Amino acid sequence: MSEQIRCTNVTLGYEGNIVAEDIDFTICEGDYLCILGENGSGKSTLIRALLGLLHVMSGEIKRDPEIAKSGLGYLPQQTVVQRDFPASVREIVRSGCLAGCGLRPFYSKEQKALAERNIERLGIKDLAGRCYRELSGGQQQRVLLARALCATEKILLLDEPVTGLDPKAQQDLYELIASLNRSGVTIIMVSHDVSAVNYASHILHIGSGRQLFFGTKEKYLRSRLGRSYIISEDPGSIPETDEEDEAPEESGLSAKQKAAIAAGAGLLTLGVQQTIHRYVKRGERNV
Amino acid sequence: MFDKLAMYFSYPFVRYALIVGLLIALCSSLLGVSLVLKRFSFIGDGLSHVAFGAMSVATVVSVSLRSAAASDNAVAKWITDVINKTNSMVIILPVTLIAAILLLKTGQNTKIKGDAAIAMISVGALAFGYMLINMFSASANVAGDVCSTLFGSTSILTLTEGEVWMSAILSGIVIVIFLLFYNKIFAVTFDENFAKATGVRANSYNLLIAVITALIIVLAMNLVGSLLISALIIFPALSAMRLFKSFRAVIICSAVISVICAGSGLIASILFSTPVGSTIVMADMAVFFLFCILSKILRRA
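Taken in sequence, the protein lines are chains Y and L. So in the working numbering, spot 161 of the first sequence is number 161, and the numbers just go up one at a time. So in the working numbering, spot 125 of the second sequence is number 125, and the numbers just go up one at a time.
Since the hints were derived computationally from the structure, they do not count as laboratory data. Being a predicted model, the structure only gives us computed values, none of them experimental. We put the CB at the ideal spot given by N, CA and C, even for glycine. Check each hint, because a few of them may be wrong.
[To be verified] Once the Cα atoms are required to be at most 25 Å apart in a straight line, the calculated BS3-like pairs of lysine-lysine come out as:
(1) Lys296(L) / Lys245(L)
(2) Lys109(Y) / Lys245(L)
(3) Lys125(Y) / Lys245(L)
(4) Lys296(L) / Lys112(Y)
[Said to hold, decoys possible] Estimated spans, in silico, between C-beta atoms of each pair:
(5) Leu298(L) / Ala178(Y): 39 to 47 Å
(6) Ile293(L) / Glu29(Y): 26 to 34 Å
(7) Pro65(Y) / Ile293(L): 55 to 63 Å
(8) Ser264(L) / Arg133(Y): 51 to 59 Å
(9) Gly52(Y) / Phe9(L): 51 to 59 Å
(10) Thr79(Y) / Phe13(L): 42 to 50 Å
(11) Thr274(L) / Ser136(Y): 46 to 54 Å
(12) Leu225(Y) / Val176(L): 55 to 63 Å
(13) Lys112(Y) / Ser264(L): 58 to 66 Å
(14) Arg83(Y) / Leu5(L): 40 to 48 Å
(15) Gly184(Y) / Leu290(L): 49 to 57 Å
(16) Arg133(Y) / Met120(L): 32 to 40 Å
[Claimed, not checked] Sample of chain L residues lacking proximity to chain Y, with all beta carbon distances greater than 12 Å (derived):
(17) Pro12
(18) Thr160
(19) Ile173
(20) Ala197
(21) Met241
(22) Gly263
(23) Met282
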């Protein structure tokens with residue numbers, strides 16, 4: 001698998017103010033990277049840097065030449081402008097092809113065909129003539145995904161894609177993204193949502209101005225950070241059984257507790273995994 | 001009534017007015033959709049005030065040059081000649097263009113927020129312009145001058161042939177640019193960040209939009225005066241957005257609305273001797289309310 005993006009010792013910031021430093025990770029073809037972090041941890045700054053909209057203060061973001069040329073397919077957060085935008089689905093999907101136009105004023109036949117293919121691929125063919133502002137949130141996200149795929153089929157960057165969707169639509173969108181990933185599209189997803197972790201192959205966790213974790217999902221779930229994040233972000237899923245009694249403890253990270261936690265690590269891992277399992281199940285029940 | 005119309009249309013200045021009026025209406029409606037959707041409606045308003053300021057500078061400069069060259073020698077004659085031939089657009093156009101670019105830039109890196117910057121520049125220019133005209137104008141009827149610049153009461157009917165050509169060429173440029181960059185303007189309007197991320201030079205296209213807006217405003221000052229220009233830009237767009245659901249349909253519809261309203265407004269103003277600018281804006285408003293009602297009915301049906 002070839003490397004598509006490599007960040008080495010990147011420091012990010014605006015006008016001399018450092019937002020995040022020591023960012024260090026690689027993304028390979030076919031990866032599904034989930035970027036976690038609280039508000040203000042530098043996630044959106046990192047996105048801007050990955051998209052090439054912001055220069056790094058130090059370090060280097062190295063892109064595969066092909067990626068550098070086509071750019072990243074980007075699914076931004078919805079803006080106010082878009083909510084009441086009078087445009088048909090087809091017009092919007094086609095606008096993803098624009099970068100390939102250069103100075104040519106209109107879309108070529110191939111580009112139009114590409115747009116149609118992507119409309120079909122995301123299952124919105126029957127919506128193609130509809131007005132964007134009349135669609136549901138989940139449908140709108142599909143439209144924007146189709147547009148991103150028109151820009152590039154190599155790598156997609158999704159910025160909190162499930163925000164504002166109902167649980168069923170969230171689940172559908174996650175499944176859709178996972179199926180795109182299985183068909184070979186590299187996914188970078190920024191998320192608040194804990195259940196996003198389940199679909200990822202790699203996790204990048206940033207917080208308090210630096211990188212806290214980068215590695216595979218399995219490693220993340222075994223790490224202390226991963227366990228505490230998943231439980232503290234999702235207090236509702238902590239069940240009142242003896243087995244999980246230890247769970248809240250681990251967010252308090254005093255030196256004393258470390259020993260205890262290390263000792264009970266095996267048991268905890270089991271517990272956490274069950275917590276996640278239950279969380280997912282609960283999600284399905286909500287559906 | 002038709003006799004009266006036929007009589008009026010036998011005058012070349014009325015024909016000029018109609019041609020220029022329709023062209024200006026077409027141009028302003030094209031970009032209006034984009035400006036409304038980008039939440040830039042007020043930029044049009046701000047720029048028109050800047051254009052008013054520039055207009056008064058132009059007036060004052062030409063007046064003072066003329067009085068300075070009031071002697072009999074050849075140089076003085078040449079200066080007077082030049083002033084009479086060049087029209088005030090030579091000053092207004094570049095000033096408005098620069099203001100448009102500045103406004104766009106301040107909107108992006110924000111020490112002063114976009115809307116505050118617009119408000120600041122627009123009232124500043126308005127006050128400055130009025131001050132200049134009041135202090136230096138040689139004309140006996142300052143109030144009348146100001147009124148006609150602000151509300152365009154008669155200037156559309158007093159166009160010289162040169163001004164008609166200039167307006168026609170500028171409108172032609174605007175229309176061609178819009179058609180060539182239609183897809184880019186759509187992309188930048190709908191989602192600037194996405195466009196930037198995929199390597200489209202969104203900032204250049206934003207600049208292009210600002211420049212065309214400035215062009216349109218300078219043109220439209222003749223038709224409706226600087227205070228009413230925004231109406232010409234936003235009303236057709238807003239009306240079209242009530243009913244139509246694709247970007248292309250909205251653009252086409254708003255162009256049609258704008259041309260029809262400008263045409264009927266001009267004719268009505270000639271027939272009933274009402275002020276041109278406000279009659280056109282009234283027609284635009286009427287269409288807007290009609291479309292509002294229509295969209296309500298259609299939604300219920």
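*Against the earlier hints, flag every one the structure doesn't satisfy and list their numbers going up.*
4, 6, 8, 13, 20, 21
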